[in-house]
Amino acid sequence: MTGLELPIALFLLVNLAAALWRAARGPTPADRMLAALLFGSTGAGILALLAFAGGGPALVDVALTLALLAAITGIAFAQRSWQRHGAHEGGDDNAAP
Amino acid sequence: MNLALAFDVLLAAALLWSAWRTLSTAQIDRAVVMFIVFGLLLTLAWARLAAPDIALAEAAIGAGLTGALLLDGLAALKRTDARRPARRTAGKVMVRIAVISVLGLLAGTLVTALISLPPAPIRLPAAVAGDLANSGVSHPVTAVLLNFRGYDTLLEVAVLLLALVGMLAVGLPPAHPGISRNSMLPTLARYALPLMVLAAVYLLWAGAHRPGGAFQAAAVLAAGGVLLNLSRLQAHWLPASRAPRLAIAGGFLLFLAIAAALLAHGGLLRYPPEQAGLLIVLIESGLTVSLAVNLAAFFLLRSTPENGQIPPATAPRESP
Amino acid sequence: MPLLDLLSGSLLLCGAFFFFAGTIGLLRFPDVYTRLHALAKADNLGLGCILAGLALQADSMALALKLLAIWPLALIASAAVGYTIARRADRLGIVPWEKPKP
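So the sequences go chain by chain: A, B and C.
Position 55 of the first sequence, counted from 1, bears residue number 37 in this note's numbering, the numbering being contiguous throughout.
Position 219 of the second sequence, counted from 1, bears residue number 209 in this note's numbering, the numbering being contiguous throughout.
Position 11 of the third sequence, counted from 1, bears residue number 35 in this note's numbering, the numbering being contiguous throughout.
Calculated directly from the structure, the hints in this document are not laboratory data.
Wrong hints could be hidden among the right ones.
[What the hints assert, rightly or not] Quick list of simulated restraints, FRET-style, between CB atoms:
(1) D29(C) <-> P9(A): 42 to 52 Å
(2) A117(B) <-> H61(C): 48 to 58 Å
(3) P109(B) <-> D29(C): 41 to 51 Å
(4) A86(C) <-> L5(B): 26 to 36 Å
(5) L95(B) <-> P124(C): 51 to 61 Å
(6) A103(C) <-> T102(B): 46 to 56 Å
(7) E122(C) <-> A0(A): 23 to 33 Å
(8) M85(C) <-> A41(B): 19 to 29 Å
(9) L67(B) <-> A45(C): 34 to 44 Å
(10) H61(C) <-> A41(B): 27 to 37 Å
(11) L31(C) <-> L114(B): 35 to 45 Å
(12) L95(B) <-> I48(C): 40 to 50 Å
(13) A250(B) <-> P9(A): 50 to 60 Å
(14) H61(C) <-> V187(B): 25 to 35 Å
[What the hints assert, rightly or not] Restricting the straight-line Cα-Cα distance to at most 25 Å, the calculated cross-link-like pairs of lysine to any residue (SDA-like) are:
(15) K90(C) <-> A196(B)
(16) K90(C) <-> T177(B)
(17) K65(C) <-> L185(B)
(18) K65(C) <-> W3(A)
Even glycine gets a Cβ: it sits at the ideal position worked out from N, Cα and C.
Start from the sequences and build out the full structure, keeping to the hints where you can.
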């Protein structure tokens, strides 16, 4: 057990907080969604580290679940919710496969 | 322990900040994304609070389902209503200040009352640990949820069922016209879905002796269903479809049937200790399938088929 | 075993460095396509290093395998989501940033 787990978890959390700034700021909706996507990898990393810093092996299961499912939010965003500002859906996007 | 404190303080600050941004943004797009971020930060908070069961549920539902539901609802909202949110006026600001002060006062009163309470006479962890051997499982959270307080779980399943009925009563949006085909998503779905089923079965089985259980497994399965729909491998469900309805009602009815059978023998949901383990496995399996279909139905139910004719009354409006 | 600890610690530090690089990319890159690169590549490499470092210290083989199994899943998910978002950005007409001519 190196003593590094908790410091690195804290460091990752700082990274996450910095990404939150981008989430609030980002010019396009995708930038905001990217920050939410970041949780898939950073969140899984933090949870795995916390599992070794006293949280118990159950947190590895949580990290696994997060890694599996965080992508779905991003996909839902890109496939459904991200539309041209002011236009209605169903326009040129149906042209080419 | 200084680092742990720093971690917790930063996490709490991020939680408060994202909650504030969710509520204070004028545009719904941003609010939805900040809410998703808030949900994912909450997963970390549950992990720090030594509640891995809740962290699992929050990860599965917050990451997989809530985000997709909100974003899909946002899309439906945009298609049917192009109005902008109203501007804030000075009068509304005064009302906000008044409401915040009153709520702050109430919160302060509650906190002081809570702090000044005498310590509880019953030590719950010790009580649960004492009866764990008779409960049929070895994980205290599952024992409480499925055995000692099984009645609450029964009612929670009923609540989810009622939520779905409510959604059907309010009226479903028409099916999404469909964005162009994406060649990578079906591939992703084909790789990821068996793994999700495996993860769900693992979580269900693990619930007996470590954090896991029917609810988390159901959430993972439902997220798999959402992924299938987003990859266009699974069409929307119509309200009249038989199979989803049977699946959703089935789990609840199974639980109810077991409760009724036990009522005939003794108390409500009082399992005989020798059969407690078997009954819990049975109930949890039924609940996993049923809750998975229920949660997926929030995303998948639509009023019209995806490739069918859209009735003139619900056709999307042309942009102005 | 100090050698194991050393190896594990250096993998963890590598992972932290890659995550840091990914965050810098997210904050500083000029458009959505380049930011997707930072997320999909640097962050996942960081995650892989951290998971490998933790797997070296795991008590049981099952835990180590579970840790290592997270990485391919994260990679597959990031690949698909990155592609989906980039494709949608392209369809919506977002133009990739180009360095201004001097």
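Now for the hints, and whether the structure bears them out:
The hint said 42 to 52 Å for the Cβ distance between D29(C) and P9(A), and at roughly 45 Å that hint holds. A hinted range of 48 to 58 Å for the beta carbons of A117(B) and H61(C) is consistent with their spacing of about 54 Å. Checked against the given bound of 41 to 51 Å, the beta carbons of P109(B) and D29(C), roughly 43 Å apart, stay inside it. With their beta carbons about 33 Å apart, A86(C) and L5(B) fall inside the hinted range of 26 to 36 Å.
Evaluation of the 51 to 61 Å hint for L95(B) and P124(C) yields a pass: the beta carbon distance comes to about 56 Å. The hinted range of 46 to 56 Å is satisfied by A103(C) and T102(B), whose Cβ atoms lie roughly 53 Å apart. Roughly 26 Å separates the CB atoms of E122(C) and A0(A), a value that falls within the hinted 23 to 33 Å. For M85(C) and A41(B), the hinted distance range of 19 to 29 Å is satisfied, since their beta carbons lie about 27 Å from each other.
Remark: the range hint 34 to 44 Å for L67(B) to A45(C) is upheld by a beta-carbon distance near 38 Å. H61(C) and A41(B) have their C-beta atoms about 36 Å apart, which keeps the hinted 27 to 37 Å range intact. L31(C) and L114(B) have their C-beta atoms about 43 Å apart, which keeps the hinted 35 to 45 Å range intact. Remark: the range hint 40 to 50 Å for L95(B) to I48(C) is upheld by a beta-carbon distance near 44 Å.
The beta-carbon spacing between A250(B) and P9(A), approximately 59 Å, falls within the hinted interval of 50 to 60 Å. A beta carbon spacing of about 32 Å between H61(C) and V187(B) agrees with the range 25 to 35 Å that was offered as a hint. Only pairs whose Cα atoms come within 25 Å are accepted, and K90(C) paired with A196(B) is accepted, the gap being roughly 14 Å. For the given pair, K90(C) sits about 23 Å from T177(B) by alpha-carbon distance, which is consistent with the 25 Å threshold.
Restraint check: the Cα-Cα separation between K65(C) and L185(B) comes to about 22 Å, which is no more than 25 Å; the hinted pair holds. The suggested pairing of K65(C) with W3(A) holds, with an alpha-carbon distance near 21 Å, which does not exceed 25 Å.
Checked against the numbered hints given earlier, the structure satisfies every one of them.
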